[in-house]
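Visitor: In case you want the letters, here they are:
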Amino acid sequence: MELGFVLPSASRESKEVDLAIIGAGPAGLSAGIYAIRAGLSAIIIDKGNAGGLAEDAPFVENYLGFEGIKGEELAKKFKDHARNYVEISERNEVKDIIPEGEKYLIKAESGEYIARAIIFSTGTTHKHLGIPGEKELFGKGVSYCVTCDGYFYKGKKVAVIGGGNSGAIAAIYLKDIGVEPEIFEFMPKYMCEKAYQKMIEDRGIPYHKNVRVTEITGDEKVTGIKYEDRETGEIHEFAADGVFIYVGLVPMSELAKKIGVETNKWGYINVDQKMRTNVPRVYAAGDVTGTAGQIIIAAGQGAVAALSAYEDLMLS
Amino acid sequence: MGYISEKDKEYLKGEFDKYLKEKVKLLVFTGDNCQYCNVAVDIAKEVQDLHDAIEFEEHSINDELAKEWGLEHVPTVVITDGDKYGGRIRYVGLPSGYEFSSMIEDIIDVSRRTADVSDEVRAQLDMIDKPVKIQVFVTPTCPYCPKAVRTAHRFAILNPNITGEMVEAVEFPEWANKWNVMSVPHILINEDVQFIGAYPDEQYIKYVVEAYKKL
Ligand SMILES: Cc1cc2nc3c(=O)[nH]c(=O)nc-3n(C[C@H](O)[C@H](O)[C@H](O)COP(=O)(O)OP(=O)(O)OC[C@H]3O[C@@H](n4cnc5c(N)ncnc54)[C@H](O)[C@@H]3O)c2cc1C
Numbered sequence: 001m002e003l004g005f006v007l008p009s010a011s012r013e014s015k016e017v018d019l020a021i022i023g024a025g026p027a028g029l030s031a032g033i034y035a036i037r038a039g040l041s042a043i044i045i046d047k048g049n050a051g052g053l054a055e056d057a058p059f060v061e062n063y064l065g066f067e068g069i070k071g072e073e074l075a076k077k078f079k080d081h082a083r084n085y086v087e088i089s090e091r092n093e094v095k096d097i098i099p100e101g102e103k104y105l106i107k108a109e110s111g112e113y114i115a116r117a118i119i120f121s122t123g124t125t126h127k128h129l130g131i132p133g134e135k136e137l138f139g140k141g142v143s144y145c146v147t148c149d150g151y152f153y154k155g156k157k158v159a160v161i162g163g164g165n166s167g168a169i170a171a172i173y174l175k176d177i178g179v180e181p182e183i184f185e186f187m188p189k190y191m192c193e194k195a196y197q198k199m200i201e202d203r204g205i206p207y208h209k210n211v212r213v214t215e216i217t218g219d220e221k222v223t224g225i226k227y228e229d230r231e232t233g234e235i236h237e238f239a240a241d242g243v244f245i246y247v248g249l250v251p252m253s254e255l256a257k258k259i260g261v262e263t264n265k266w267g268y269i270n271v272d273q274k275m276r277t278n279v280p281r282v283y284a285a286g287d288v289t290g291t292a293g294q295i296i297i298a299a300g301q302g303a304v305a306a307l308s309a310y311e312d313l314m315l316s
Numbered sequence: 317m318g319y320i321s322e323k324d325k326e327y328l329k330g331e332f333d334k335y336l337k338e339k340v341k342l343l344v345f346t347g348d349n350c351q352y353c354n355v356a357v358d359i360a361k362e363v364q365d366l367h368d369a370i371e372f373e374e375h376s377i378n379d380e381l382a383k384e385w386g387l388e389h390v391p392t393v394v395i396t397d398g399d400k401y402g403g404r405i406r407y408v409g410l411p412s413g414y415e416f417s418s419m420i421e422d423i424i425d426v427s428r429r430t431a432d433v434s435d436e437v438r439a440q441l442d443m444i445d446k447p448v449k450i451q452v453f454v455t456p457t458c459p460y461c462p463k464a465v466r467t468a469h470r471f472a473i474l475n476p477n478i479t480g481e482m483v484e485a486v487e488f489p490e491w492a493n494k495w496n497v498m499s500v501p502h503i504l505i506n507e508d509v510q511f512i513g514a515y516p517d518e519q520y521i522k523y524v525v526e527a528y529k530k531l
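So the sequences go chain by chain: A and B.
In terms of my numbering, the first sequence has 122 at position 122, counting the first letter as 1, and numbering is strictly consecutive.
Position in the second sequence (from 1) plus 316 gives the number in my numbering.
Simulated from the structure, these hints should not be mistaken for lab results.
Hints are supplied without guarantee of correctness; some may be wrong.
[Said to hold, decoys possible] Listed below are the simulated SDA-like cross-link pairs for lysine to any residue, each with C-alpha atoms no more than 25 Å apart in a straight line:
1. A/70 - A/221
2. A/103 - A/38
3. A/157 - B/494
4. B/325 - A/194
5. A/107 - B/322
6. A/107 - B/493
7. B/329 - B/371
8. A/70 - B/486
9. A/140 - B/460
10. B/334 - A/114
11. A/221 - B/515
12. A/157 - B/329
13. B/329 - A/84
14. A/107 - B/518
15. A/156 - B/518
16. A/135 - B/511
17. A/127 - B/518
18. B/334 - A/85
19. A/15 - A/218
20. A/221 - B/493
21. B/329 - B/347
22. A/175 - B/430
23. B/494 - A/218
24. B/334 - B/378
25. B/325 - A/13
[Stated by the list, open to error] Chain B stretches covered by chain A per the calculated footprint, using a threshold of three residues with CB under 8 Å from any CB of chain A:
26. 340-346
27. 362-373
28. 394-400
29. 461-472
All C-beta atoms, glycine included, are put in the ideal place defined by N, C-alpha and C.
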């Protein structure tokens, strides 16, 4: 048996720093390393675990230097690496940010922090489909996390709604642990990378294209889904014990907006090439900026944001 | 070679040196037909070796203490001061994966003899004067679960009427099935009130109070 040992990072002391990094996903952890190495004092605060959404990624095959690694392990490596440099405070949600002159007061669940600059690396949360049955059957067969709940469906049939990269990876993971997934994609073609398409085909996972899922059925438990064939308009039923939903992401930018940071109409934070927002000494990096939704990009943007903070705080 | 890597041990030693104050007992209850009992014992021993304040003890699930605390399943890991916390802060099944981090944080809080909650949540916790048992079903690969487990355990540290019990759903499928656990963390209070998700303290306590009011 393979055992993982995830270590906590429980810093709780209030303090004053040059840079507060909100969100300890790949973007925030990378920013932390760059900030400290450059010479800034910094803290990373996360409402959950350090590692962020990378922990939900079952298997990562496109991060440079790792041909294939579990998201959980990669996240642990990131965290171990970052922790050598920077203080990380986990399970400590940032609730409010109040500008005070040239500085910011950051109020978290445990502890208050004063910072001269902020990086928002708050990532995204999963989008809901908003169809009948989704809310009612959450936890009764409807799930948004395969690594958490996939196990309960061994030997059973499930629907994966959404055939983009996340949905594709989710279905591949499910198949590999002994679940029988079928994928339902709105668009009339494969919406995932070719590499995932091949894995789906090799495993014989059905990928239904051009379908609109209209309802999740069941009373006490999920019994299946109803979906419309978008070409013919016909409604079909698919019997399943579980439904995993991967239909996109919603940026977590509310806190940033509160201090005047501009976003696009979907709520993704607007940044320039240096990851600066419209507010001085406030930066954003990673999925919250709405770029490709990949770990390597998040990590890269985190590095850029930290270096910009260094430039603005130390060099000007 | 143990289960915990040398590098992780170094880190944990540093954390323990920084935060541990009073003695902490790490009790592992074992019994027959137990796939993971030896692993649980080995891990507990490795953790004990990291700091003088941590004392490991192995117990039989049939002994007096297990009866007194109402423990039935193996392995069960209890983190306690041996006194006021009794057997109220516990893990049924192996605290590995993400739950290993919960266990480390519990050891720190038990050693500090306190846990952090807001004043508002504390006031609600203080109201509870009858036994409330919070069970948190988890899987070891669920990144959101430690938060729910730790909340149950923090509440248990702060109120002597509360018991916080993690249940590893993969090791105890029938048990999970009985409560229709299909998404984790799945929280069950007094085998009555249930909710799913890693909610913040303010919401979590509402469910606890709801279950308490039904007593
Ligand atoms: C199923 C699945 C599979 C994937 N597979 C891959 C893959 O194979 N390869 C790949 O490159 N990418 C993959 N991804 C995408 C990858 O996980 C993300 O692109 C990456 O994690 C984004 O990093 P981030 O740091 O921008 O944000 P996140 O990882 O989302 O981290 C944001 C962090 O901010 C924290 N946060 C938010 N608000 C607050 C607040 N108010 N206070 C404190 N903390 C807060 C959150 O708790 C979170 O930890 C996958 C994603 C999923 C869901």
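Visitor: A separate judgement is required for each hint: does it hold in the structure or not?
Guide: Here is how each hint holds up against the structure:
The straight-line distance between the Cα atoms of residue 70 of chain A and residue 221 of chain A is roughly 30 Å, outside the 25 Å bound, and the hint therefore fails. At roughly 20 Å between alpha-carbon atoms, residue 103 of chain A and residue 38 of chain A fall within 25 Å of each other, so this suggested pair holds. Of the pairs offered as hints, the one joining residue 157 of chain A and residue 494 of chain B holds, with about 20 Å between alpha carbons and a cut-off of 25 Å not exceeded. Proposed proximity of residue 325 of chain B and residue 194 of chain A is contradicted: the alpha carbons are some 41 Å apart, above 25 Å.
Restraint check: the Cα-Cα separation between residue 107 of chain A and residue 322 of chain B comes to about 36 Å, which exceeds 25 Å; the hinted pair is violated. Taking the CA atoms of residue 107 of chain A and residue 493 of chain B, the gap is near 40 Å; set against the 25 Å cutoff, the hint is violated. Between residue 329 of chain B and residue 371 of chain B the CA atoms are separated by roughly 15 Å; this keeps the pair inside 25 Å, and the hint holds. Taking the CA atoms of residue 70 of chain A and residue 486 of chain B, the gap is near 19 Å; set against the 25 Å cutoff, the hint holds.
Only pairs whose Cα atoms come within 25 Å are accepted, and residue 140 of chain A paired with residue 460 of chain B is accepted, the gap being roughly 18 Å. For the given pair, residue 334 of chain B sits about 23 Å from residue 114 of chain A by alpha-carbon distance, which is consistent with the 25 Å threshold. Distance restraint check for residue 221 of chain A and residue 515 of chain B: the Cα-Cα separation of roughly 22 Å lies within the 25 Å cut-off, and the hinted pair is therefore satisfied. Proposed proximity of residue 157 of chain A and residue 329 of chain B is contradicted: the alpha carbons are some 45 Å apart, above 25 Å.
Of the pairs offered as hints, the one joining residue 329 of chain B and residue 84 of chain A holds, with about 14 Å between alpha carbons and a cut-off of 25 Å not exceeded. For a cut-off of 25 Å, the pair hint linking residue 107 of chain A to residue 518 of chain B stands: about 16 Å separates their Cα positions. A C-alpha spacing of about 36 Å is found between residue 156 of chain A and residue 518 of chain B, which places the hinted pair above 25 Å, so the restraint is violated. At roughly 13 Å between alpha-carbon atoms, residue 135 of chain A and residue 511 of chain B fall within 25 Å of each other, so this suggested pair holds.
With a CA separation close to 24 Å, the supplied pair residue 127 of chain A and residue 518 of chain B stays within the 25 Å bound. Restraint check for residue 334 of chain B and residue 85 of chain A: satisfied, since their Cα atoms lie roughly 17 Å apart, inside the 25 Å limit. A hinted pair counts as satisfied when its Cα atoms are at most 25 Å apart, and residue 15 of chain A with residue 218 of chain A does not qualify at roughly 51 Å. This hinted pair checks out: residue 221 of chain A and residue 493 of chain B have alpha carbons roughly 12 Å apart, not beyond 25 Å.
Distance check on the hinted pair: residue 329 of chain B and residue 347 of chain B sit about 30 Å apart at the alpha-carbon level, beyond 25 Å; violated. Distance check on the hinted pair: residue 175 of chain A and residue 430 of chain B sit about 44 Å apart at the alpha-carbon level, beyond 25 Å; violated. At roughly 19 Å between alpha-carbon atoms, residue 494 of chain B and residue 218 of chain A fall within 25 Å of each other, so this suggested pair holds. Distance restraint check for residue 334 of chain B and residue 378 of chain B: the Cα-Cα separation of roughly 37 Å exceeds the 25 Å cut-off, and the hinted pair is therefore not satisfied.
About 23 Å separates the Cα atoms of residue 325 of chain B and residue 13 of chain A, which keeps this hinted pair within 25 Å; it holds. For the stretch 340-346 of chain B, the proposed coverage by chain A is not satisfied: 0 residues have a C-beta within less than 8 Å of a C-beta in that chain, short of the threshold of three. Requiring three or more residues with a Cβ within less than 8 Å of a Cβ of chain A, the coverage given for the stretch 362-373 of chain B is violated, as only 0 such residues are present. A count of 0 residues in the stretch 394-400 of chain B with a Cβ less than 8 Å from any Cβ of chain A is obtained; the coverage claim is therefore unmet, three being the minimum.
Counting residues of the stretch 461-472 of chain B whose beta-carbon sits less than 8 Å from any beta-carbon of chain A gives 4, enough to reach three: the coverage restraint holds.
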